[in-house]
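Chain residues, written in single-letter form:
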Amino acid sequence: MSQQAKTHPLGDAPHTKAKFTIDPRFIAPMLITCVLLAAQLTAGIFENYLNILIAIGAGIVTEIACGLLVDKKVPHLASAYVSGISVGIILQTATGIHWPYAVCAMLSIMSKYVIRVKGRHPWNPSNFGISAVLLLAPQIVTALSIQWGNNLYAMGVIWLLGSMIISRLKRFHICLTYVLSFALFAAIRAAILHDGFLTEFAPITGPPYQLFVFFMITDPKSTVHPRWAQILVAFLVAAAECALRFVHNVTLFGHPAYFDVHAAYYALFLVGPLAVLTEIWLTERKKAAGSTGPKATAPAAS
Amino acid sequence: MSNHLPRIIVSVVFFGSLVGVEIANQKYAARPIGTPVQIADAIKRYGFHLDEIGKAAGIDFVHHAPVLDAKLGPIMPEVASMGAAVSICDFDHDGLPDVYVCDSTIGGQNHLYRNLGDGKFDDVAAQVGLADVNKDGTGVSMGAVWGDYDNDGLDDVLIYKWSGHPLLLHNNGGKSFTDVSAETGIPQGVINVNSATFVDYDCDGHLDLFIAGYFPDNLDLWHLKDTLMMPNSFEYASNGGRKFLLHNDGSGKFADVTQQMGIDSHRWTLAVGAADLRGTGYPDLVLANDYGVTEVYANNQGKSFTEIGKKVGIGYHPKSGMNCSFGDIMNDGRLSIYVSNISAEGQLTQGNNLWVPKPGTSGDSLAFDNMAQSSGVDYGGWSFGGQFGDLNNDGSQDLVLTNGYISGNPKARSYWYDFGKIATGFGPLINDAKNWPAIHDMSLSGYEQKRVWINDGYGTFRDVAQAVGYNDTHDGRSVALGDLWNTGALDMLVANQKGPLLVYRNTPDPTNQWLELELTGTKSNRDAIGAQVTLYWKDSKGLEFKQLQQVQCASGFCAQNDHRLHFGIGKGSTVEKAEIRWPLAGSQVQTVQNLQVGKVNEVKE
Numbered sequence: 000m001s002q003q004a005k006t007h008p009l010g011d012a013p014h015t016k017a018k019f020t021i022d023p024r025f026i027a028p029m030l031i032t033c034v035l036l037a038a039q040l041t042a043g044i045f046e047n048y049l050n051i052l053i054a055i056g057a058g059i060v061t062e063i064a065c066g067l068l069v070d071k072k073v074p075h076l077a078s079a080y081v082s083g084i085s086v087g088i089i090l091q092t093a094t095g096i097h098w099p100y101a102v103c104a105m106l107s108i109m110s111k112y113v114i115r116v117k118g119r120h121p122w123n124p125s126n127f128g129i130s131a132v133l134l135l136a137p138q139i140v141t142a143l144s145i146q147w148g149n150n151l152y153a154m155g156v157i158w159l160l161g162s163m164i165i166s167r168l169k170r171f172h173i174c175l176t177y178v179l180s181f182a183l184f185a186a187i188r189a190a191i192l193h194d195g196f197l198t199e200f201a202p203i204t205g206p207p208y209q210l211f212v213f214f215m216i217t218d219p220k221s222t223v224h225p226r227w228a229q230i231l232v233a234f235l236v237a238a239a240e241c242a243l244r245f246v247h248n249v250t251l252f253g254h255p256a257y258f259d260v261h262a263a264y265y266a267l268f269l270v271g272p273l274a275v276l277t278e279i280w281l282t283e284r285k286k287a288a289g290s291t292g293p294k295a296t297a298p299a300a301s
Numbered sequence: 000m001s002n003h004l005p006r007i008i009v010s011v012v013f014f015g016s017l018v019g020v021e022i023a024n025q026k027y028a029a030r031p032i033g034t035p036v037q038i039a040d041a042i043k044r045y046g047f048h049l050d051e052i053g054k055a056a057g058i059d060f061v062h063h064a065p066v067l068d069a070k071l072g073p074i075m076p077e078v079a080s081m082g083a084a085v086s087i088c089d090f091d092h093d094g095l096p097d098v099y100v101c102d103s104t105i106g107g108q109n110h111l112y113r114n115l116g117d118g119k120f121d122d123v124a125a126q127v128g129l130a131d132v133n134k135d136g137t138g139v140s141m142g143a144v145w146g147d148y149d150n151d152g153l154d155d156v157l158i159y160k161w162s163g164h165p166l167l168l169h170n171n172g173g174k175s176f177t178d179v180s181a182e183t184g185i186p187q188g189v190i191n192v193n194s195a196t197f198v199d200y201d202c203d204g205h206l207d208l209f210i211a212g213y214f215p216d217n218l219d220l221w222h223l224k225d226t227l228m229m230p231n232s233f234e235y236a237s238n239g240g241r242k243f244l245l246h247n248d249g250s251g252k253f254a255d256v257t258q259q260m261g262i263d264s265h266r267w268t269l270a271v272g273a274a275d276l277r278g279t280g281y282p283d284l285v286l287a288n289d290y291g292v293t294e295v296y297a298n299n300q301g302k303s304f305t306e307i308g309k310k311v312g313i314g315y316h317p318k319s320g321m322n323c324s325f326g327d328i329m330n331d332g333r334l335s336i337y338v339s340n341i342s343a344e345g346q347l348t349q350g351n352n353l354w355v356p357k358p359g360t361s362g363d364s365l366a367f368d369n370m371a372q373s374s375g376v377d378y379g380g381w382s383f384g385g386q387f388g389d390l391n392n393d394g395s396q397d398l399v400l401t402n403g404y405i406s407g408n409p410k411a412r413s414y415w416y417d418f419g420k421i422a423t424g425f426g427p428l429i430n431d432a433k434n435w436p437a438i439h440d441m442s443l444s445g446y447e448q449k450r451v452w453i454n455d456g457y458g459t460f461r462d463v464a465q466a467v468g469y470n471d472t473h474d475g476r477s478v479a480l481g482d483l484w485n486t487g488a489l490d491m492l493v494a495n496q497k498g499p500l501l502v503y504r505n506t507p508d509p510t511n512q513w514l515e516l517e518l519t520g521t522k523s524n525r526d527a528i529g530a531q532v533t534l535y536w537k538d539s540k541g542l543e544f545k546q547l548q549q550v551q552c553a554s555g556f557c558a559q560n561d562h563r564l565h566f567g568i569g570k571g572s573t574v575e576k577a578e579i580r581w582p583l584a585g586s587q588v589q590t591v592q593n594l595q596v597g598k599v600n601e602v603k604e
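Order-wise, the sequence lines are chains A and B.
Using numbering that gives the first Met the number 0, you'd call the opening residue of the first sequence number 0 and step up by one each time.
Using numbering that gives the first Met the number 0, you'd call the opening residue of the second sequence number 0 and step up by one each time.
Check each hint, because a few of them may be wrong.
Computed Cβ-Cβ distance ranges for the label pairs, DEER-style [said to hold, decoys possible]:
1. B/L227 to A/L281: 50 to 58 Å
2. A/N248 to B/D363: 47 to 55 Å
3. A/L276 to B/V18: 20 to 28 Å
4. B/K309 to A/T32: 22 to 30 Å
5. A/N248 to B/D368: 37 to 45 Å
6. A/K285 to B/H3: 24 to 32 Å
7. A/T32 to B/D368: 23 to 31 Å
Take a look, some chain B residues computed to stay more than 10 Å from chain A by CB distance [what the hints assert, rightly or not]:
8. P35
9. D59
10. D68
11. D93
12. G172
13. P215
14. L218
15. D219
16. D263
17. T279
18. G301
19. G362
20. G407
21. D455
22. K522
Here chain A is said to cover these stretches of chain B; the calculated rule only asks that three of the stretch's residues, wherever they fall, bring their Cβ under 8 Å from a Cβ of chain A [claimed, not checked]:
23. 5-13
24. 19-30
25. 232-246
26. 336-347
27. 419-431
28. 435-445
Keep in mind that the hints were calculated from the coordinates and are not lab data.
Ideal placement from N, C-alpha and C gives every residue a C-beta, glycine not left out.
Chain A with its partners taken away, still in its complex shape:
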């Protein structure tokens, strides 16, 4: 749910244009801030603001520290902001303790600097951080579930706005593929479990999936580049998620892993890097064969 940092030297003002345009890197932060404000103003979703402020603060401080230390530059902070806000929304602590928000945001940002393959970070940063914390500390944290309510119209508005903005970023096909794939796999699960299609389809109609569909799986920096490959990866994420939903009662490191409950996050955690690494491998192979591959950079969006 954030982009890999683009960096610029301290005090180096971005190139200005005569015509007013919005830097694509600001679109995701703006969208998620709007969603957050709307949810808070209409539903009062946050019991306190401390956790989200901790997550945003930790993300930004970590980004600045890592940027200066590793790249000798202060990176663009939109990525850290989105990562922090995502962590603050999605992560839920079991006992009101606050440190998981800071640690999760820090892990999200640090992962970009630590895990790089040919200059690319294969994970969506906040997906990495959230998955890691859910996996390692399942008895302390959990993920957003019912807290944002189930209002049909409110969610309809968010789906509409989200779709419009994602379309503008030319990534709507990823969302659409994922939703359709989810529906397909919901039908398959319903046939297997005899629980009814709507029961299996219900999760994607809820707020956690709005965040997942619009912000996590569409992140340009951690998705592959060809359009057909993006569609394939979205399908595979849905397929992996479906498989994980059948994985119950698994323990890891001596504690429950809850692969079924957090299937979407873990699916992207597994499939996303595999896809990126495959693309890198194919690109390198093409380079070695003297042909040109897809550009290593793409406009950052979310």
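Based on the hints, put chain B in the right spot on chain A.
For chain B alone, kept in the frame of chain A given last:
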């Protein structure tokens, strides 16, 4: 600096953090939850011990859950998950608290355990006409509240039900009860009530009634037309049952004044509490709502009510309210409100709410903060009934909480994953019961450990449940506290869903002192429901203390405590006085001195 050094530093911090998260989880999972200790040790360390003595005392009640329309079969344990309810009453006015407990299956018998005074109880429900109240076609019991609505000196009882109308039964001299529902104006027809209380909202000396619907009105859970009967949201449900405020005109008639008094709620209410929170002399109403926010209705001098939940800071952050109890947790003369919710490791972390009045706010400026986390009473599993009471007689209000939703096959996987599928979906999907995954024999937050939080006197609590003997793992619903044997100890009754009624006898540190007050209204309602008592005492060092308590009808979840007020005052203390504010319009504060320690003090208005 080597070119690689910065990345190495970041990597070390990164992997160190990952390891640190795992270690933190291991430590959290291995946190001490307490173990049973010897009785003497428990008394020495915590000031009391609880022993379950139900069967020895002649109480052998086991609750039966309702079996509803077959259309709900796949999720029957979820829907038919309430009904175990217990209330303490003194129906024969002999000075010994008796116990009434509800069954919830068609044909199931409610029990009225008469306290024989020798440590034994005798079920007299059938003799007095309070047993066979769950007949086919009349709905089943969800709870009962006691109050002397006609001021004749004996408590009458209101039994509230699912898919039937509430029953008001008049107490005939402690010998029998007569159904007076229709002639007194109790709502007829099919409603689904899960909480009710007697309250004299206009302080005219006659007990009125507040009755709160849960499932939608006119819904017969045994004969469903379709399966569109679940909440239309998990957090913002607005399709629950209506509420009834019934005014007692003093002649034994109740009139529905709900609309004209400004009460309009269709939330899924599971608990109602009435207390004067704003110092007006009139009781405000607090509604703990499942699938939504808690509502607070401010009483405008008995003339109308205004919903002020958001204004006082309570009406935000919807959860799954299941309990409403009041307690002066910091001995500052102000009542806090405890509302229980749902928490489950790895699944859902609502946390319970402890609404504490903000310093410097009162009256119309009253506002609350949720201090549950900092007080240590937020995490209680799938929480149901809670009650404040001084269990160790040390002078501060402790808190007991029962919990556990559905304990199924312990070898089957948890239902939480399946529950989460539908719970996060669109409201219309949730609304239809047929979209809910079948539960089969799975558990949903079953076999949970209970809580007994002792108060350090400053509003910080510590769980000692396992150590002091509250260590059953039934699916607890309703908790009531009362001095069952007039020994100066608050004993505990717990009604468990599809489980036994448990009786926990309390043995407090005998060196801690206590006193009790039994109030009788003469101009106020005879039960003095709504009366507020502030007790003032000095400890052995001369430090001054005060504590506020109120005579309650409904308290907690589907429960009613001993009518008498119990105060622990610690060791070597001297009682100064009690100030009593009677629930009567225009009444003055009555000061009572010469109260006897170690006794039940009877006070007439």
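- Unsatisfied constraints (hint numbers, rising): Structure breaks no hint.
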